[in-house]
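Trainee: Sequence:
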Amino acid sequence: MAQPKYTTHHGMVDILPEEVRKWQFLENLIREEAEKFNFEEIRTPIMEQTELIVRGLGQMTDIVSKEIFTFSRGDDNYVLRPELTAPVVRAFVEHRLDQRGGSQKLYYIGPMFRAERPQKGRQRQFHQFGVEIMGSSDAVADVEVIAFMIHICNKLGITNTTLKLNSIGDPESREVYKQALKAHLKPDYDKLSDVSKKRYEKNPLRILDSKEEEDRPFIETAPVITNYLSEKSVSHYNKVKDYLGDLGISFTEDPYLVRGMDYYTETAFELISPDLGAQDALAGGGRYDLLVEEIGGLPTPAVGFAAGMERLFIACEELGIELGDGKKVDVYIVTLGDAARKWGLAQLSKFRDKGISATMDYMGRSMKAQMKDANRENARFAIIVGDNELNEGKFTFRDMKESKEEALSFEEIMEIIQM
Numbered sequence: 001m002a003q004p005k006y007t008t009h010h011g012m013v014d015i016l017p018e019e020v021r022k023w024q025f026l027e028n029l030i031r032e033e034a035e036k037f038n039f040e041e042i043r044t045p046i047m048e049q050t051e052l053i054v055r056g057l058g059q060m061t062d063i064v065s066k067e068i069f070t071f072s073r074g075d076d077n078y079v080l081r082p083e084l085t086a087p088v089v090r091a092f093v094e095h096r097l098d099q100r101g102g103s104q105k106l107y108y109i110g111p112m113f114r115a116e117r118p119q120k121g122r123q124r125q126f127h128q129f130g131v132e133i134m135g136s137s138d139a140v141a142d143v144e145v146i147a148f149m150i151h152i153c154n155k156l157g158i159t160n161t162t163l164k165l166n167s168i169g170d171p172e173s174r175e176v177y178k179q180a181l182k183a184h185l186k187p188d189y190d191k192l193s194d195v196s197k198k199r200y201e202k203n204p205l206r207i208l209d210s211k212e213e214e215d216r217p218f219i220e221t222a223p224v225i226t227n228y229l230s231e232k233s234v235s236h237y238n239k240v241k242d243y244l245g246d247l248g249i250s251f252t253e254d255p256y257l258v259r260g261m262d263y264y265t266e267t268a269f270e271l272i273s274p275d276l277g278a279q280d281a282l283a284g285g286g287r288y289d290l291l292v293e294e295i296g297g298l299p300t301p302a303v304g305f306a307a308g309m310e311r312l313f314i315a316c317e318e319l320g321i322e323l324g325d326g327k328k329v330d331v332y333i334v335t336l337g338d339a340a341r342k343w344g345l346a347q348l349s350k351f352r353d354k355g356i357s358a359t360m361d362y363m364g365r366s367m368k369a370q371m372k373d374a375n376r377e378n379a380r381f382a383i384i385v386g387d388n389e390l391n392e393g394k395f396t397f398r399d400m401k402e403s404k405e406e407a408l409s410f411e412e413i414m415e416i417i418q419m
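So in the numbering used here, spot 224 of the sequence shown is number 224, and the numbers just go up one at a time.
None of these hints come from the bench; they were simulated from the model. Computed from a prediction, not measured in an experiment: that's the story for all the values here. The reader is advised that the hints may include incorrect statements.
30 Å max Cα-Cα, derived DSS-like pairs, lysine-lysine [said to hold, decoys possible]:
id : residue 1 : residue 2
1  : K22       : K202
2  : K328      : K342
3  : K394      : K350
4  : K342      : K327
5  : K155      : K178
With these hints in hand, go ahead and build the complete structure from the sequences.
Mentor: Shown next, in the form of structure tokens:
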């Protein structure tokens, strides 16, 4: 067998026809449920200005320091989007969506790109969906976002999940906590990982998000950020927890949960599932009240989450959840001879105009081969047409599910199929 001359880039995969149906199922589910929650879809380009992503995510994040695809054309610097919150905020500011009135409830679905080592559930091109509520500082918005995230998982049948919750406070609270955290880490600075040493001065909170083993002992004994929250932040966090309780949404508080982007403030959360293995995060997000202003807009509170679609598929696979129906067609026209092929081709549009999926053989194969193909296509009905059938105006109509057949006119066949 000849080897292919061209293949996909490392860490990027083709989604083949047999896989597309589950993607369509999930995408349709997200859109249907988002409409019920009154979210509107927004679509942004897959390329953004490099400065937007760097400013939005922070210089010291793993994404910016190690994982973005960047390129230049002339004096312009571009990046393939590694996430969608910053691009959505850019669109919000650029198009003055705040002038539409009220809070803006937006959702998105699309591909992201990160130049990291490919692994299960995370390729270099991967897909996320998420929501953003922009313009509301109320804890109700935080809970609405969390509720939608869990709602989608429940709709899929992924119920074996844990919601991890924390507050990283307002800027004033975080500044006080940063000093306490640095004081805790300073005696053991030389024992920290190289990555954490870089973060120590510029963003020590990111050390809490470290996955390096040498950092674990110092993270586990670090001061707890919720002990440093301002009265305002404590009030907001308590309201989030109360509202979650009112909705019957259970959670586990994780005082070291800070998420991976610099733009988060106040509420931070993550939904994890043991069905994903060591990399157990299904989705996550939080509040980012400073990002809109950072990108050039008016001060605007906001909250959102993102979920990895490939990771949802892994969880469904582990749980034995089938997404979407298998391929099937309503009618397969089996043609014997040129006149029958011409007739069959003309009838396809009649079926399709009635909302009936229909196909036929395009290779001039034998009747046996065509019937085999009809089975492969999971056809509900087959119509067998040859010169005799055309002359008599009666066609062999086969119910593939019941393995029964009879001679009927085209009008009778159409009536049965439409029942």
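Trainee: Report the numbers of all earlier hints that the structure fails to satisfy, in ascending order.
Mentor: Of the numbered hints, 1, 5 do not hold.
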